[in-house]
Amino acid sequence: MTALSLAPAALRLRVRPATALSLLIVALLVVAVLAPGVLTSRSPNEIDLQHTLLSPSLSHPFGTDDAGRDLYTRVVYGARESFGIGLGATALAMVIAVLLGFTAGLARGIVDTVLTRILEVAFAFPVLLLALLLIAIRGPSLATEIVAVGIGSAPGYARMVRGQVLHVRQAGYIQSSVALGHTWWAVIRQHLFPNAMRPLVAMLTLAVGQSIVWASGLAFLGLGVAPPSPEWGALLDAGRVSITTSPWLEIMPGLVIVLATLALTALGRTLQHRLEGAAR
Amino acid sequence: MTVSTALEAETEDTDEQVPLLAVDNLRVSFGGREVVKGISFTARRGRCLAIVGESGSGKSVTARTLVGLTGPGSEVRSDRIELDGLDLSAPSERAWRSIRGCDIGFILQDALVSLDQLRRVGDEIAEPLRVHGWGTAASRARKAVDLLDSVGVPEPAVKARQRPYELSGGLRQRALIASAIALDPKLVVADEPTTALDVTVQAQVLDLLAEAKARGTAIIMISHDLSVVARLADEVAVMRDGEIVEHGPVHEVLRDPRHAYTRALLDAIPSEHTRGTRLVRPARGEDAPRRTRTPIDRGRPVLEAKRLSKVYRGPDKVDRTVVDDVSFQLFAGETLGIVGESGSGKTTTAGIVLSLIAPTAGEVLLHGEAWSTLPPRRRRPLRKQIGVIYQDPLSSFDPRWPVGRIVVDALAMGRRPPSSRSAARERAVRLLEQVGLGEQHLDAAPLRLSGGQQQRVAIARALAPEPEVIICDEPVSALDVSIQAQVLDLLTDLQDELGVSYLFISHDLGVIHHMSDRIVVMKDGRVVESGAADEVFHRPRHPYTQRLLTALPLLARA
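Line by line, the protein sequences give chains R and F. Per the working numbering, the very first residue in the first sequence carries number 940; after that it's consecutive. Per the working numbering, the very first residue in the second sequence carries number 34; after that it's consecutive.
The hints are simulated quantities; they were obtained by calculation from the structure and are not laboratory data. Worth double-checking, as some hints may not be accurate.
As the list claims (entries may be wrong) - With a straight-line cut-off of 20 Å between C-alpha atoms, the simulated SDA-like cross-links for lysine to any residue are: (1) LYS417(F) - THR1122(R); (2) LYS246(F) - ALA236(F); (3) LYS350(F) - GLY1048(R).
Just so it is clear, the structure is predicted and the values come from calculations on it, not from any experiment.
Hey, can you work out the whole structure from these sequences and the hints?
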């Protein structure tokens, strides 16, 4: 396999073409989030009734929608919301997961048993159903969506964190540290926490992609961010009515969601391998 | 096969002259790096050739070449590899499959990873029979039981239906041997067949191989352990850096080694003869320097274990007594050896002494005062008085920490915590120098260090808080003989210099005798015998100690 080296030679990081491509996609997404103006000169809400439902062309690479808005521009501007939801939901999920996972893994005994049972039940509960329930109560909004996806995906990660904690607390270096006279708290802070969190760093990247898919799904059902927001799921939802006449309204945002998720997942996997390799 | 049977008839009466296996100028390289550099040897029927060497000598690669398992990326060249007239220098993978198991049996070091965990032992043993088209399913199953019986597995019919993880290490290794000799191969290649085993089990496995040898099987045994070799081999080839440095009949090589490396290897083996001396000699021919010990203070014990016991409740709700009424005293500047086989409770005892495991009954006193019964808060500040070194140093280091941080962390927990970063660094460097490392290792990741260097880092960490007692739990069991010698020398040097006491745990009787002033022999959680080292070794009273000592492969020393 051909491999090109992007990082300094001292790190001897060999990057596969697939990883390089993923990096490029993620870099583009980051630019879209931080400075969408760099990628497009139009505005996402610029209505042009002369040019509605144009199919993709050089001047409108993704085509235009029923109000003549440039779809490419809308997708670029939508990245901020989609990514925001992805990051927000992942952050929330991780905070819950770390709290519950560490409590269960450190407490053991009855606390662990009860928490684990609850997590198992929650894990078996479909994320979408849980999210629907929450949205039904609170009404659709960006915040609700973040909370819904975050809570929904937390139990899976919490189980993983607990497993990591149980695994790492058996490690020889934990024993050595206790034998040196460190307090339990110091041992947790210095060794247990960072080492148990290590595989989660890679999971994080995977989780962001996962959350974007969930959020898009919710928006598509009309339960996410409301139009005219250019959030990717909302774009899918808006394009649904004209799917037979103007299929690009579905295909283009759909492709972007798929590419973004694939790139994040591929990066997450690469990171996972790297970290595991470094760990032993 | 047909060729070899024809040849067999011809060579029947010239067995002694014509070798079963002849290897000429064997070279193996991986990615252009040669690891076996043109070695030649032969194996004869009913004889055992031992290939001895340390890690990286190329001995295991040589063994694997004989069964065509050198793996991807390897390049094997030779002028000749001939097994009973059959050319093995470049067989196809297909040809290898008919040779492996049938003409050549292969025994690997670790039976737990060599046997498929999910298959019954009987099926595993019958596998080579099936592959080579022997008998029917029913007759193969019967043969598997017979084979297990022949290698001395009790209740072979029951064991054949169990899975590898349900058997003890010794039984697994025997099952592996049964599988290797299932088709009565002409040649058995055994790669460290007894390394993972206890002494008494090791003796049984060696007896088994000796029986196969008596039946006319040729054996090539790979080992790092010269004393094991002495028990079974007829010929020895000593390998170093991919070359055979010395080759000859076993007793000549072991009694009168010609090559300096062989001599150094033999000198490095700890035993009662090496007591009170360093193992590494300054130069060839010179006597090993004697230790200058600080006197042992038999006034008051530094550490005292009083009637310790530990009971674990298993998942089946049955209580298991792992440590049973164990008492001993350790005096200042003394080394107390705890010897026992796996499962004897010695590591649990170490855990209790370190107060990492709470005893079910009994207590440990430090300087005559409460230690194991203290509440954790009051025990923590006292922990600096007891250091610990484990068998596997790498797993005792946080994988994120470089060497310097590991040592500095231990210094900070010690009697004289360094006042500044630069003071800490300076003292860490001094400690590393004390254990034979240096400033250049401060930023090294332990993973990148060799096994011996890792153990030196562990020793530096144990010394950092300036303890009076260091618990050494199998500290050299994972090391090569020459590295083991260096680490043992380091430990004795440090004792002579600092007057520290060691609680030295090992399964290796030679190491224990070399290191210990007094010995505690443990079996099944109990102390079966204790006393001065020489007393216990020369006049063992307990039948178990006697059995251990007879099982110990001893080198006939000149």
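Going down the list of hints, with the structure as the test:
1. LYS417(F) - THR1122(R): It holds: about 13 Å lies between the C-alpha atoms, which stays within 20 Å.
2. LYS246(F) - ALA236(F): Roughly 15 Å separates the two Cα atoms, so the pair holds.
3. LYS350(F) - GLY1048(R): Since the Cα atoms of LYS350(F) and GLY1048(R) sit roughly 17 Å apart, the hinted pair holds (cutoff 20 Å).
Hint compliance for this structure: every hint is met.
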